[in-house]
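Chains as they are written, first to last, in my numbering: chain D, 23 to 304; chain X, 40 to 398.
Worth double-checking, as some hints may not be accurate.
[As the list claims (entries may be wrong)] With the Cβ distance kept under 10 Å, some of the chain X side facing chain D (calculated, not the full set):
{"id": "1", "residue": "Ala88"}
{"id": "2", "residue": "Leu90"}
{"id": "3", "residue": "Ala97"}
{"id": "4", "residue": "Phe100"}
{"id": "5", "residue": "Ala110"}
{"id": "6", "residue": "Ser111"}
{"id": "7", "residue": "Gly116"}
{"id": "8", "residue": "Tyr122"}
{"id": "9", "residue": "Arg126"}
{"id": "10", "residue": "Phe131"}
{"id": "11", "residue": "Arg139"}
{"id": "12", "residue": "Leu240"}
{"id": "13", "residue": "Gly355"}
Calculated directly from the structure, the hints in this document are not laboratory data.
For every residue, glycine included, the Cβ atom is placed at its ideal position computed from N, Cα and C.
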Amino acid sequence: MSAERLPLTEPPFVRRLLIGVTLAYLGLFLLVPLAAVFAKALERGLALYWASVTDPAAVAAIRLTLVTAAIAVPLNTIFGLAAAWAIAKFDFRGKQILLTLIDLPFSVSPVISGMIFVLLFGAQGLLGPWLAAHDVHILFAVPGIILATLFVTVPFVARELIPVMEAQGSEDEEAALTLGAGGWQMFRRVTLPNVTWGLLYGVILCTARATGEFGAVSVVSGHIRGRTNTVPLHVEILYNEYQFSAAFAVASLLCLLALVTLAAKSVAERKRTLAVEPRSAP
Amino acid sequence: MSIEIRQITKTFDQFSALTDVSFTVPQGELTALLGPSGSGKTTLLRIIAGLEVPDAGAVLFDGQEATMRSASERKVGFVFQHYALFRHMTVFENVAFGLRVKPKPARPSEAAIAAKVHELLGLVQLDRMAERLPSQLSGGQRQRVALARALAVQPKILLLDEPFGALDAKVRQELRRWLRRLHDEIGITSVFVTHDQEEALEVADRVVVLNEGRVEQVGTPGEVYEHPASPFVYKFLGNVNLFHGRVEGNKVHLGEFTLDLPAGTPAPAVPPVAYARPHLLDIDHQPTTRPQFRATIQRINTAGSVVKVEVVGPSGAVVHVELSQERYRALALRKGAEVYVSIKDLATFTAQNMLGGGI
């Protein structure tokens with residue numbers, strides 16, 4: 023008796039080939055580099071690893087990265103919720119333009135995103151003279167880094183929420199309305215719980231990008247050690263100074279963060295899929 | 040609370056969903072909005088609920104203008120076609136929702152909420168399901184939770200959008216009888232939307248027939264079935280035979296039938312059209328004195344309380360006839376037999392079934 027074959031199942035050698043190619047590709051381009059980062063980081067022993075990540079400049083970079091994320095992520099979460107709510111639940115003129123604008127940071131190179139702020143706030147920029155006259159420092163200072171990070175992470179939460187909210191439609195909200203709920207009650211008790219996992223998924227992606235952003239931040243930061251260096255920038259400086267072990271040690275922190283994010287993401291993703299499942303199932 | 044719909048018009052983009060719709064729903068009655076899909080019935084229900092704003096016209100509750108009142112102020116219970124239960128809340132919390140969102144001074148105590156929710160769940164026979172999530176319920180159970188949730192805020196009006204649309208035939212039957220009994224118990228003014236004429240005729244006190252955004256007829260189920268006001272209503276409410284006529288001298292040809300034009304009657308200006316429900320026709324083996332035509336039996340369906348017979352006339356037109364089981368056995372009909380199809384009661388027929396002309 024041969025094994026039962028389902029109509030949509032490929033023959034065994036095709037399956038093995040496809041799986042093999044996928045695994046080889048992933049191994050070559052993801053797992054090997056990831057392993058290399060940790061190998062290189064620990065090459066000269068744990069003591070040096072520890073010294074590299076507790077170096078004052080490294081600690082300052084970690085702190086700045088966390089502060090940046092702590093500001094950029096909540097702001098973009100609020101913006102993302104508001105934008106997704108407006109786009110998914112209402113019809114208005116210019117909806118398509120708003121969607122395109124939200125996607126803009128995705129389509130623009132991060133370096134250009136950084137340049138935008140230089141053009142705006144730089145010494146020769148549009149607002150530069152006024153800022154200089156009032157002794158406000160944006161470029162080559164923390165505000166510039168936060169602004170650049172905010173800009174590149176705008177789409178994440180909104181882009182995650184729009185399809186979820188669109189799939190769920192407005193019936194739940196209408197039901198809440200007919201039961202006497204006001205706008206805020208409707209949002210807090212019905213809309214928000216319905217999108218919890220989609221929202222979390224967006225927040226995770228947003229956090230990952232906010233902590234890992236290099237290009238835009240590099241342009242506006244000025245690379246002042248201990249003051250305007252984020253973790254990715256710090257890694258680059260160490261690398262350029264031939265401190266390979268230290269560079270990879272700090273880089274491994276970003277990798278660890280990425281792994282945690284991935285794990286959180288896969289949980290959120292599974293829950294989100296459950297939330298959008300068709301409701302008319304028996 | 041009575042509802043008055045006054046000259047409502049609503050257009051979506053280019054599509055006119057409702058045109059000059061007017062009718063009233065008396066206090067305590069169960070009214071059906073009946074029509075095919077696209078007839079505007081759901082739009083009308085949403086306008087009554089305040090989920091849609093009409094372009095023109097007014098909605099009055101107990102004579103009070105309510106057109107511009109928001110949905111949350113109207114105190115109208117709305118049961119959605121797909122129930123719209125809050126999926127992250129238990130059955131209990133779903134039903135309690137309307138009580139919990141009341142402003143603080145009006146909000147009942149936790150104990151009062153629990154008592155009310157359990158009373159309602161008892162009413163819809165779901166008390167044991169209080170801690171379940173909507174996804175763990177069957178379609179019929181979800182429907183009843185949606186109903187309990189709508190009733191929790193003690194609405195003055197209950198609106199139901201295709202309340203049985205998503206259920207299978209058996210549950211549908213049970214649930215609609217149950218809804219009728221429930222309505223009689225609590226006596227709340229109710230309006231439900233349906234495209235199923237049988238459902239409307241069985242459950243409702245009053246039927247509003249809608250077609251292409253206009254009211255075709257308003258009346259009791261008996262009135263709209265026995266005295267349809269337009270060809271549309273006749274056709275929409277059950278199986279019907281349509282006979283196109285023409286006048287020749289003192290004879291009227293109605294499809295396969297030929298009738299004498301009563302002496303002295305002026306010839307109708309427009310070609311007459313007649314409709315006959317299948318039970319108004321009869322079958323014989325021998326010619327009768329009534330208007331009749333020869334036909335061949337094409338199909339016989341004996342399932343049900345009446346026997347449905349399909350015959351083909353000389354011109355190839357298919358005519359449907361319904362016979363009682365006794366009559367069918369007495370005739371001993373079989374497929375392919377040559378028979379005579381006649382009109383049972385000509386007087387009633389010409390008085391009631393002629394439209395667009397009359398004899």
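Against chain D, run the beta carbon of X:Gly355 and see if the smallest gap drops under 10 Å.
Violated: closest Cβ of chain D sits about 43 Å from X:Gly355, beyond 10 Å.
Next item in the hint list is X:Tyr122. Is there a CB on chain D closer than 10 Å to its CB?
holds (8 Å)
Hey, does the X:Arg139 contact hint survive, CB to chain D under 10 Å?
holds (8 Å)
Residue hint X:Ala110, partner chain D, criterion CB-CB below 10 Å
holds (4 Å)
Given a cut of 10 Å on the nearest C-beta pair, is the interface hint for X:Ala97 held or broken against chain D?
With a minimum Cβ separation of about 20 Å from chain D (threshold 10 Å), the hint on X:Ala97 is violated.
Holds or violated: is there a CB of chain D closer than 10 Å to the CB of X:Arg126?
holds (7 Å)
With a cut-off of 10 Å, does the beta carbon of X:Leu240 approach a beta carbon of chain D closely enough for the hint to hold?
X:Leu240 check fails; min Cβ-Cβ to chain D is 27 Å, beyond 10 Å.
Going by Cβ atoms only, is X:Gly116 closer than 10 Å to chain D?
holds (7 Å)
Using Cβ atoms only, decide whether X:Phe100 comes closer than 10 Å to chain D, and label the hint accordingly.
violated (14 Å)
Tell me if the interface restraint on X:Ser111 is satisfied: Cβ within less than 10 Å of some Cβ in chain D.
holds (5 Å)
Grab the minimum C-beta distance from X:Ala88 to chain D and call the hint holds if it beats 10 Å, violated otherwise.
This hint holds: X:Ala88 lies near chain D, its Cβ roughly 6 Å from the closest one there, short of 10 Å.
Hint check: 10 Å Cβ-Cβ cutoff, X:Leu90 to chain D
holds (5 Å)
Checked against the numbered hints given earlier, the structure breaks hints 3, 4, 10, 12, 13 and satisfies all the rest.
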